[in-house]
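Peer 1: Listed below, chain by chain, are the residues.
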Amino acid sequence: MSELTYLTLTQARAGLLAKEFSVDELLEAHISALAAHRDLNAFITETADLARQQAKTAASRLQRGEAGLLEGLPIAIKDLFCTTDVLTTAASHILDGFKPPYESSVTRKLWGEGALCLGKTNLDEFAMGSANVTSYYGPVRSPWTAVGDNVAVVPGGSSGGSAAAVAARIALAATGTDTGGSIRQPAAFCGITGIKPTYGRCSRFGVIAFASSLDQPGAFGRSVEDCALFLEAMAGYDPNDSTSADLPVPDWKSEVGGGVKGMRIGLPREYRVDGMPSEIEQIWQQGASWLKAQGAEIVEISLPHTKYALPTYYIIAPAEASSNLARYDGMRFGLRVPGKNLAETYMKTRGEGFGAEVRRRIMIGTYVLSAGYYDAYYLKAQKVRRRIADDFTQAFEHCDAILTPTAPSAAFRVGDKMDDPVAMYLNDVFTVPSSLAGLPGISVPAGLSASGLPLGLQVIGRPWDEMTCFKVGRAIEQAADFTTLPYGLEAAA
Amino acid sequence: MSLDRSTVARIANLARIDVPDDQQEPLARELSNLLLWVEQLREVDTDGVEPLRMIMPLPPRWREDSVTDGGHADVVTANAPAALDGFFVVPKVVE
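Sequence lines, in order, name chains A and B.
Here my numbering is used: position 355 in the first sequence is 355, and no number is missing along the way.
Here my numbering is used: position 32 in the second sequence is 32, and no number is missing along the way.
Restricting the straight-line Cα-Cα distance to at most 20 Å, the calculated cross-link-like pairs of lysine to any residue (SDA-like) are:
{"hint": "1", "chain 1": "A", "residue 1": "Lys19", "chain 2": "A", "residue 2": "Thr8"}
{"hint": "2", "chain 1": "A", "residue 1": "Lys383", "chain 2": "B", "residue 2": "Ile55"}
{"hint": "3", "chain 1": "A", "residue 1": "Lys417", "chain 2": "A", "residue 2": "Val273"}
{"hint": "4", "chain 1": "A", "residue 1": "Lys19", "chain 2": "A", "residue 2": "Gly68"}
{"hint": "5", "chain 1": "A", "residue 1": "Lys348", "chain 2": "B", "residue 2": "Pro91"}
{"hint": "6", "chain 1": "A", "residue 1": "Lys307", "chain 2": "A", "residue 2": "Glu281"}
{"hint": "7", "chain 1": "A", "residue 1": "Lys99", "chain 2": "B", "residue 2": "Ala83"}
{"hint": "8", "chain 1": "A", "residue 1": "Lys261", "chain 2": "A", "residue 2": "His398"}
{"hint": "9", "chain 1": "B", "residue 1": "Lys92", "chain 2": "A", "residue 2": "Arg332"}
{"hint": "10", "chain 1": "A", "residue 1": "Lys99", "chain 2": "B", "residue 2": "Gly86"}
{"hint": "11", "chain 1": "A", "residue 1": "Lys340", "chain 2": "B", "residue 2": "Val90"}
{"hint": "12", "chain 1": "A", "residue 1": "Lys19", "chain 2": "A", "residue 2": "Ala55"}
{"hint": "13", "chain 1": "A", "residue 1": "Lys307", "chain 2": "B", "residue 2": "Thr46"}
{"hint": "14", "chain 1": "A", "residue 1": "Lys348", "chain 2": "B", "residue 2": "Arg10"}
{"hint": "15", "chain 1": "A", "residue 1": "Lys383", "chain 2": "A", "residue 2": "Ser370"}
{"hint": "16", "chain 1": "A", "residue 1": "Lys307", "chain 2": "B", "residue 2": "Leu36"}
{"hint": "17", "chain 1": "A", "residue 1": "Lys99", "chain 2": "A", "residue 2": "Arg332"}
{"hint": "18", "chain 1": "A", "residue 1": "Lys383", "chain 2": "B", "residue 2": "Asp47"}
{"hint": "19", "chain 1": "A", "residue 1": "Lys261", "chain 2": "A", "residue 2": "Glu397"}
{"hint": "20", "chain 1": "B", "residue 1": "Lys92", "chain 2": "A", "residue 2": "Ala343"}
{"hint": "21", "chain 1": "A", "residue 1": "Lys348", "chain 2": "B", "residue 2": "Ala80"}
{"hint": "22", "chain 1": "A", "residue 1": "Lys261", "chain 2": "A", "residue 2": "Ala293"}
{"hint": "23", "chain 1": "B", "residue 1": "Lys92", "chain 2": "B", "residue 2": "Thr77"}
{"hint": "24", "chain 1": "B", "residue 1": "Lys92", "chain 2": "A", "residue 2": "Leu335"}
{"hint": "25", "chain 1": "A", "residue 1": "Lys99", "chain 2": "B", "residue 2": "Val76"}
{"hint": "26", "chain 1": "A", "residue 1": "Lys417", "chain 2": "A", "residue 2": "Gly355"}
{"hint": "27", "chain 1": "A", "residue 1": "Lys99", "chain 2": "B", "residue 2": "Ala73"}
{"hint": "28", "chain 1": "A", "residue 1": "Lys292", "chain 2": "A", "residue 2": "Gly257"}
Here chain A is said to cover these stretches of chain B; the calculated rule only asks that three of the stretch's residues, wherever they fall, bring their Cβ under 8 Å from a Cβ of chain A:
{"hint": "29", "region": "22 to 33"}
{"hint": "30", "region": "58 to 72"}
{"hint": "31", "region": "82 to 94"}
These are computed hints drawn from the structure, not numbers from a lab.
Since this is a predicted model, take the numbers as computed values, not measurements.
Glycine is no exception: its CB is placed at the ideal position from the N, C-alpha and C atoms.
With the hints as extra help, turn the sequences into a complete structure.
Peer 2: The structure is reproduced here in structure tokens:
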């Protein structure tokens with residue numbers, strides 16, 4: 001395996017511009033890595049031929065000095081983004097054979113900036129999950145394994161394939177989507193960096209919808225700087241998404257190293273949850289000390305409604321999902337399972353086409369929206385959501401950014417937490433609150449658990465203040481100096 | 001709130017998802033547990049709180065309501081399980 005796959009996105013970009021290697025060399029190294037790591041099941045569809053085609057244009061644009069932000073750089077796309085004429089599944093049986101006739105706005109921008117598409121990555125079905133175990137195409141395994149254990153651990157979810165691909169040095173960067181933690185939690189589990197920007201920063205046009213008031217595209221990379229560069233290429237106003245923000249995209253990548261001197265960093269006291277492993281508490285305190293040593297002031301803050309965030313989320317997200325997923329009726333695309341009449345065809349198609357977790361969420365969502373229960377569940381949840389968002393507004397009067405653990409544990413074994421949905425949902429206890437408030441959040445690898453698995457720290461910023469997330473994230477990255485590679489990858493480095 | 005089998009059957013019908021008889025009981029238990037868990041929201045005082053329906057940090061931009069695309073019936077029906085001459089073919093609806 002080539003050392004070209006061990007470069008960061010930023011380094012690979014510089015290498016191409018300086019003609020240290022060619023677009024073809026860089027691409028073929030990544031296509032070999034893709035083939036070498038098929039055991040991870042990180043991809044649903046590989047698109048090496050498409051990438052080779054794109055590489056020709058990239059090479060000539062580099063030659064002419066017309067390089068885009070990501071010219072010639074091989075990346076991966078979560079299989080929730082529609083890509084023209086390329087199978088797009090949302091990891092669901094119900095989208096069998098679906099080849100979109102149009103391109104999502106985010107991927108269109110990425111190809112416009114010269115990125116090369118290695119393939120479409122595996123995910124939890126319709127992005128519903130925290131372990132990438134609900135995919136119709138089978139679970140993704142993390143490139144990491146616990147010390148002294150050969151059992152596969154989960155990459156986190158729902159963007160598990162994207163996180164595993166970046167961690168395993170298959171792709172230089174990857175897109176993800178985050179509804180309640182689906183970028184930040186897998187980034188933490190896989191020892192890489194992931195950013196969910198402010199709701200509205202990236203267009204959702206062409207992204208298969210789960211919960212529209214929460215869904216937001218974002219980026220995975222192997223450094224904070226890489227995430228800043230990649231997100232710059234993804235973000236921006238789109239007339240096709242009325243919720244996308246009409247704001248200029250800042251030059252994040254140039255200011256990542258701005259430092260944290262004089263910043264006030266808040267630690268929410270309610271995030272010390274019962275039963276949290278001591279190693280999570282320790283890494284959190286470590287993170288605070290690192291920032292203090294670099295000139296930040298650490299303040300305790302309060303987010304009083306934290307404990308209500310998960311139950312609020314598990315009313316609102318399923319309610320929106322039950323509405324969004326009503327479109328899968330077996331008539332216009334994907335799977336159709338014929339019945340005796342139209343109604344039975346709907347029932348059979350949806351009964352067979354959706355997996356257990358998706359069915360569960362559609363049922364809950366249908367129930368909380370049904371006559372007689374709407375006020376007690378759905379309206380109540382929307383009111384509590386307001387309380388949760390107000391908590392953050394008040395907290396940001398006392399601090400510039402909030403530091404928390406990303407997840408309450410390191411990655412667990414494939415197959416664990418499958419019997420109890422609530423135990424699985426608790427993975428997102430630290431990421432869901434800021435999602436409900438639409439805030440930007442970044443996860444940065446900070447250290448290893450006792451079992452040798454990565455642990456991440458999350459930095460939450462004010463609306464549109466991804467810049468502060470990047471600066472604080474970079475400060476943690478510098479102090480943590482996280483260089484451990486997944487088991488089996490050391491030899492090649 | 002505890003859901004019984006018949007309620008599960010009713011929700012399944014509303015959601016147009018076929019749930020075989022032998023799965024209704026276990027699903028009723030699962031959904032009941034989830035509802036029991038979310039009921040802790042009752043503890044929160046939300047009197048006079050405006051529901052948060054959509055996070056919109058900025059007001060949306062207006063645009064002309066004009067036709068910008070269309071006339072692609074073949075492309076639109078290309079993914080259909082059954083299509084004919086630019087139309088979707090669906091099971092008979094009217095007897």
